[in-house]
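Given the coordinates of chain A, assemble chain B onto it according to the supplied hints.
So you can see what is in the structure, the chains are spelled out below.
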Amino acid sequence: MKNKTIIILLLVCTVLLGFTTNNYFLITKKDVELNVPKGFPKPNYKFKNNKLTPEIFTLGRKLFYDPILSKDSTISCSSCHQRLAAFGHFDHPLSHGINGLIGKRNVPALQNLIWKDTYMWDGGVNNLEVQPISPITNPVEMNESLAGVIEKLKHNKEYAEEFRVAFKDTNITSEQLLKALAQFTGLMISVDSRYDKYMKGEDTFSNSEKIGLELFRAKCASCHEEPLFTDNLYRNNGLRPDTSLKDKGRGAVTGVEFDEYKFKVPTLRNVERTYPYMHDGRLRKLKDVLDYYGSPENFQPNAAKEMYEIGKLSAQEKTDIIAFLLTLSDKTFLYDRRFVDPFMK
Amino acid sequence: MKRKLLIAFLCMASATADAIPFTGNPANEGTLSVTFHNYVGNQVLQFDTVLYNDELGQSFSITKLKYYIGNIHLKKANGAEVTYEDYYLVNEEEPSSKKISLGNIPDGEYIGIDFIIGVDSLHNCSGAQSVALDPVNAMFWSWNTGYIFLKLEGKSAASKSPGNIFEFHIGGYKQPYNCIRSVSLVFDHPITIDHANTKELHIKTDVAEILKKPTTIDLSKLSSVTDFHNATTIANNYMDMFSVLSIK
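Chains as they are written, first to last, in my numbering: chain A, 1 to 345; chain B, 1 to 248.
Just chain A, same shape as in the assembly (with noise of 0.2 Å):
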């Protein structure tokens, strides 16, 4: 009788713990609402032509986190795209690749994209669609090609499947894995920190957090501007070229001298996990940067104006404004089950 309770009792529990982690891994169509909070500019990327649904969302999440999309199966976007780091790489100054190779730039987070108008530090990329070709089809990165990805999903049986169910379909294109992984990608948002919830008035700030709100508004907030804390232009931060890595950054890709050693401002939104810092990564820690920042003498001569607007900083000033810096941690986004490795079921 003990034994036959005891069976019953566990098999209660596997059919609970079974219809959790389905649960936990299912999309519904209330996970792929978009919902643009108050206060937020529109977006640039709207998902016209590609309509939000919990099938692409899913395939755009199965995409994302599987290596298929390199050439020899190793990588995929998530091996440099760390969901806990907002999607960026923890501690990895430079970027990695296929066969152990070191790309030139610094894992970019992945967060609020569609209120981008270019994507990759140069904003060489003028789609968050077509972004994915750039890794995909780098030599240092997954260095496969667009065809090859197609060729190898259409032998692939599950995934034949889901493409056909997503975009009711039997051909596979890029067109859909494109569209998929903007899908997957685009819901990365981020708009629940602790700063949000103090603008909205549902939180508090310590003193020092207060503080270094107003010091960053007087001293950061021109390039890092709210609520996005990036107004996605590019800018000349006055760090001097590596020579090893010859990185023009924007004008490399506009051809223009002008724009030479320029880089996007990056969003400041899960700064705390985002390190290093800088488009190359030689930056370990906040502090660095504010030590930084704070010491214009070291700026080379074609730093952007902003730049020697700061001033010179004190070390409370430095403490105040990384206090503030880490109330944009937002753990609603970090821990969303969404965006959780569908590997891991």
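Hints may be right or wrong, so weigh each one.
[As the list claims (entries may be wrong)] Cut-off 30 Å, straight-line C-alpha distance, at most; resulting in silico cross-link-like pairs (DSS-like, lysine-lysine):
| hint | chain 1 | residue 1 | chain 2 | residue 2 |
| --- | --- | --- | --- | --- |
| 1 | A | K246 | B | K160 |
| 2 | A | K152 | B | K160 |
| 3 | B | K199 | B | K98 |
| 4 | B | K151 | A | K246 |
| 5 | A | K157 | A | K168 |
| 6 | A | K219 | A | K157 |
| 7 | A | K42 | B | K174 |
No wet-lab data here; the hints were simulated from the structure.
These numbers come from a predicted model, not from an experiment.
Just chain B now, with coordinates in the frame of chain A:
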């Protein structure tokens, strides 16, 4: 944002030209087939084996030729036009890609055809696309996103590139490196297209023009163009490589 507005404006401007509405009635509509014939001078282009001479007497062979055609307008004498939104990728390697079919042409007399070589800015910024504009066609730059309008590749003893190759990958839709070029071809005499008269337009694409004028390209000095450097020079050369071969 300014750029977006400009694009929207340009689109509206082209849409408000005297467009002839499709009649929706096949009984009043005809078809024009347009075939691109790739030449080098007066010789039909042949890959690999045939050596051609450039303006400077340097010999070369051709191993690849692909280019985008779009924004096709078929014109009437009174200025009215039939317009097509599709893009076509002419690829010497694929004979079927060289022949395109323009349907739903309202019965009437037509005096010429306009098109662009390249892909307009709107389609360069529209994200993931399919068919001719599918990036799997290897006519898309991912590091500085946009379509490659024309690829011409070959070999020449004059070239100092590894393997004596030359490669011209021309694209770019933003000023000052805009490589989109408009082409306007006028027919010798007006042609009647109607539901009973399907016409064939044969266009000659003279690849030699790409190396010829207004700037003579010296393959010993310029054998590789794969970004904005020198791109508009090549574009200015390719803009007049098209002519009407025959109409049947």
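Given hint K168/A paired with K157/A - CA-CA distance at most 30 Å:
holds (16 Å)
What's the verdict on K42/A and K174/B, does the C-alpha distance respect the 30 Å limit or exceed it?
Holds, at about 25 Å.
Against the 30 Å threshold, does the CA-CA distance of K199/B and K98/B hold or violate the hint?
holds (16 Å)
Quickly compare the C-alpha distance for K152/A and K160/B to 30 Å and report which way the hint goes.
violated (38 Å)
So if I understand the rule, the pair passes when the alpha-carbon distance is 30 Å or less; does K219/A with K157/A pass?
violated (55 Å)
Check the hint pairing K246/A with K160/B against an upper bound of 30 Å on the C-alpha distance.
holds (25 Å)
Regarding the pair K151/B and K246/A, is the alpha-carbon distance no greater than 30 Å?
Holds: K151/B and K246/A sit about 28 Å apart, inside 30 Å.
Hints 2, 6 from the earlier list are contradicted by this structure; the remaining hints agree with it.
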